Structure formats: C-alpha cells, structure tokens
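Residue numbers (UniProt numbering): 1 to 234.
No lab work stands behind these hints, which were simulated from the structure alone. Computed from a prediction, not measured in an experiment: that's the story for all the values here. We treat Cβ as the ideally placed atom computed from N, Cα and C, and that holds for glycine. Certain hints may be false.
EDC-like, lysine to aspartate or glutamate: derived pairs with alpha carbons at most 20 Å apart [unchecked claim]:
| id | residue 1 | residue 2 |
| --- | --- | --- |
| 1 | K85 | E210 |
| 2 | K97 | D56 |
| 3 | K125 | D96 |
| 4 | K184 | E155 |
| 5 | K22 | D96 |
| 6 | K162 | E225 |
| 7 | K52 | E165 |
| 8 | K198 | E225 |
| 9 | K108 | D9 |
| 10 | K108 | E78 |
| 11 | K97 | D62 |
| 12 | K125 | D172 |
| 13 | K125 | D73 |
| 14 | K108 | D73 |
| 15 | K125 | E78 |
| 16 | K52 | D118 |
| 17 | K97 | D9 |
| 18 | K162 | D118 |
| 19 | K135 | E174 |
| 20 | K117 | E174 |
| 21 | K52 | D9 |
| 22 | K97 | D172 |
| 23 | K97 | E225 |
| 24 | K108 | D118 |
| 25 | K152 | E225 |
| 26 | K52 | D62 |
| 27 | K216 | D172 |
| 28 | K117 | D172 |
| 29 | K184 | E225 |
| 30 | K108 | D172 |
What follows is a list of derived Cβ distance ranges for each label pair [as the list claims (entries may be wrong)]:
| id | residue 1 | residue 2 | range |
| --- | --- | --- | --- |
| 31 | Y139 | K97 | 38 to 48 Å |
| 32 | K182 | Y51 | 15 to 25 Å |
| 33 | A147 | I59 | 12 to 22 Å |
| 34 | T232 | D96 | 40 to 50 Å |
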Amino acid sequence: MSQAIGHLDFYPNGGIQMPGCKKNPVSQIVDIDGIWEGTVNYVACNHLRSYKYYSDSIISPDGFLGYTCASYDIFQTENCFPCPKGGCPQMGHYADKFKDRVTSGIQKLYLNTAEAKDFARWRYKVSVAIAGNSKVSGYVNIALYGAGGNTKQYEIVQGTLKPGETYANFIDVELNVGTITKVKFLWNNNILNPTLPKLGAAAVTVQAGEDGNVFKFCGSGTVRENVLQTLTSC
Numbered sequence: 001m002s003q004a005i006g007h008l009d010f011y012p013n014g015g016i017q018m019p020g021c022k023k024n025p026v027s028q029i030v031d032i033d034g035i036w037e038g039t040v041n042y043v044a045c046n047h048l049r050s051y052k053y054y055s056d057s058i059i060s061p062d063g064f065l066g067y068t069c070a071s072y073d074i075f076q077t078e079n080c081f082p083c084p085k086g087g088c089p090q091m092g093h094y095a096d097k098f099k100d101r102v103t104s105g106i107q108k109l110y111l112n113t114a115e116a117k118d119f120a121r122w123r124y125k126v127s128v129a130i131a132g133n134s135k136v137s138g139y140v141n142i143a144l145y146g147a148g149g150n151t152k153q154y155e156i157v158q159g160t161l162k163p164g165e166t167y168a169n170f171i172d173v174e175l176n177v178g179t180i181t182k183v184k185f186l187w188n189n190n191i192l193n194p195t196l197p198k199l200g201a202a203a204v205t206v207q208a209g210e211d212g213n214v215f216k217f218c219g220s221g222t223v224r225e226n227v228l229q230t231l232t233s234c
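Generate coordinates for the entire structure from the input sequences, incorporating the hints supplied.
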C-alpha cells in the first residue's frame, strides 16, 4: 500500500516489493521451515514480511529506524538523513513511543531491510576521497569496523574513478557498528590491466544515521586492485 493512512506511515524498501521475495517457488520451499510454510511464503511473501519485521523489531528496535522523506527515490539518493535530534521513529513494536512527537499531519517514513532474517539494518553515509595518479574504471568497496563488530564490504561507487574526487553513498549494514575505529578500502575493475594501476583512499568520512555522529579516517599511499587498505582515525 502506497497511500498514507496514519500519522506515522512506514514504507520498508519502498513499500512495494520486499527484498528476498523474488525467489522461485522451489528455493522458497526448500529454504523455509517445510513445504507448507514455504509455499505460503512464496505466494504471499510481501505481505508476510510485516509480521517478520515486527518480530525482529522487538529484538533490534534501532535497526528499524524510519527516515522522514518525500519519497523512496529521494530517500535512496538524497539526504533525508541523519535522524533529527529527537530521534527517528522505530517501525514495529516500539512505534508507539513516537506517537506524541508527531507535530504536523502525516509523516512518511522510509527504511531498508535485509532480504532474510535478521531483517534489521543500520544506515550510514560514507564518503570516499580517491588518491592516485590516473583515472581508472572500477568499483570501490568499504567495510566498517567498530565496537559492535565489523560489516561486510559495501559498494560506494562504480564507474570511472578519478583521483581527487570524492564519492558518497548510503549503505544499510547488518549490525550496529557503534563507535567506528577504522575502515577498510578495496577497489577492483575485474579486468586484466597490464599497467597494474593503483588507487587509494586519501580520506573516508562515515556518518551514522541514528545519531548523526561523524567519524573521519585518513589513509596514505595507494594499493593495487583487490588489495585491502586500512584507514584509521585522523
């Protein structure tokens, strides 16, 4: 449903197609807890996600923060970020905690979830300043490391990578990293290049969506493709 009906309207993943619901019937049946439940999940997957999100929100309420935004497209590509001083409403079990904070009409709130349990996700904005001698085609991945653990690698940019340029993207990661202590940079272009080009991250800035905290990291030198570069706090 895309029409707003309440004071707080949450639209996980845009509210139309839920990630993980495009699997074929056989894989859905095999993956879930048996033939009957698997069949039901395949037929009504998008609708059944609601109670699964609710269940996970009891355990990880801060992993279901809804960001006020005009549309899902804007949420994906522009700020609507970070949460305001009073915090973002939490979708699911604890949504009622924010009912008294609604000051004007209907609020549309957007967030992303995982494809499968655990569905909770934590949103960060990552900016990467590229270092090197010449531009190359490829992609840049970043992984976050902190008090709460480390994330997998997430793509920040793909295309022409130009030294001196800064690229930014939003990522929705699988855990609350907490205080970020370092990041790891990796680039690749998946093609054989006899010139053995090198790139690096001169600086990486990470902003947490939940509280707006900003973490800055500085790097030195460059690395060949598919070689990790570690950046520590400046």
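Taking the hints in turn, this is what the structure says about them:
1. Note on K85 and E210: the hinted pairing holds, with a Cα-Cα distance of about 9 Å set against a maximum of 20 Å.
2. Note on K97 and D56: the hinted pairing holds, with a Cα-Cα distance of about 17 Å set against a maximum of 20 Å.
3. With a CA separation close to 27 Å, the supplied pair K125 and D96 exceeds the 20 Å bound.
4. Simply put, K184 and E155 have alpha-carbon atoms about 12 Å apart, close enough for the 20 Å limit, and the pair holds.
5. Annotation: proposed proximity of K22 to D96 is violated, straight-line Cα distance about 32 Å (limit 20 Å).
6. For a cut-off of 20 Å, the pair hint linking K162 to E225 stands: about 15 Å separates their Cα positions.
7. Between K52 and E165 the alpha-carbon distance is near 41 Å, which puts this suggested pair outside the 20 Å criterion.
8. Restraint check: the Cα-Cα separation between K198 and E225 comes to about 7 Å, which is no more than 20 Å; the hinted pair holds.
9. A hinted pair counts as satisfied when its Cα atoms are at most 20 Å apart, and K108 with D9 qualifies at roughly 5 Å.
10. Distance hint between K108 and E78 is fulfilled; the C-alpha atoms sit about 15 Å from each other, no more than 20 Å.
11. Under the criterion of a C-alpha separation no larger than 20 Å, the hint pairing K97 with D62 is consistent with the structure, at around 13 Å.
12. Restraint check for K125 and D172: the C-alpha separation of about 9 Å stays at or below 20 Å, so the hint holds.
13. Annotation: proposed proximity of K125 to D73 holds, straight-line Cα distance about 16 Å (limit 20 Å).
14. Restraint check for K108 and D73: satisfied, since their Cα atoms lie roughly 13 Å apart, inside the 20 Å limit.
15. At roughly 10 Å between alpha-carbon atoms, K125 and E78 fall within 20 Å of each other, so this suggested pair holds.
16. Proposed proximity of K52 and D118 is supported: the alpha carbons are some 9 Å apart, at most 20 Å.
17. For the suggested pair K97 and D9, the alpha carbons sit about 14 Å apart, so the restraint of at most 20 Å is met.
18. For the proposed pair K162 and D118, the alpha carbon gap of about 37 Å is over 20 Å, so the pair is violated.
19. Between K135 and E174, the direct Cα distance comes to roughly 32 Å. Violation of the 20 Å bound is thereby established for this hinted pair.
20. Taking the CA atoms of K117 and E174, the gap is about 10 Å. The hint holds against a cut of 20 Å.
21. Proximity of K52 to D9 is assessed by CA-CA distance (about 18 Å); at most 20 Å being required, the pair is judged to hold.
22. The suggested pairing of K97 with D172 is violated, with an alpha-carbon distance near 23 Å, which exceeds 20 Å.
23. Taking the CA atoms of K97 and E225, the gap is near 47 Å; set against the 20 Å cutoff, the hint is violated.
24. Taking the CA atoms of K108 and D118, the gap is about 24 Å. The hint is violated against a cut of 20 Å.
25. Annotation: proposed proximity of K152 to E225 holds, straight-line Cα distance about 18 Å (limit 20 Å).
26. About 16 Å separates the Cα atoms of K52 and D62, which keeps this hinted pair within 20 Å; it holds.
27. About 19 Å separates the Cα atoms of K216 and D172, which keeps this hinted pair within 20 Å; it holds.
28. Simply put, K117 and D172 have alpha-carbon atoms about 15 Å apart, close enough for the 20 Å limit, and the pair holds.
29. Between K184 and E225, the direct Cα distance comes to roughly 13 Å. Compliance with the 20 Å bound is thereby established for this hinted pair.
30. The hinted pair formed by K108 and D172 meets the criterion: a straight-line CA distance of about 19 Å does not exceed 20 Å.
31. Evaluation of the 38 to 48 Å hint for Y139 and K97 yields a pass: the beta carbon distance comes to about 39 Å.
32. In this structure the hint that K182 and Y51 lie 15 to 25 Å apart at CB is violated, the actual value being about 38 Å.
33. Checking the proposed 12 to 22 Å range against A147 and I59 shows it holds: the Cβ atoms sit about 19 Å from each other.
34. The hinted range of 40 to 50 Å is satisfied by T232 and D96, whose Cβ atoms lie roughly 42 Å apart.
Going through the hint list in order, the structure does not satisfy hints 3, 5, 7, 18, 19, 22, 23, 24, 32.
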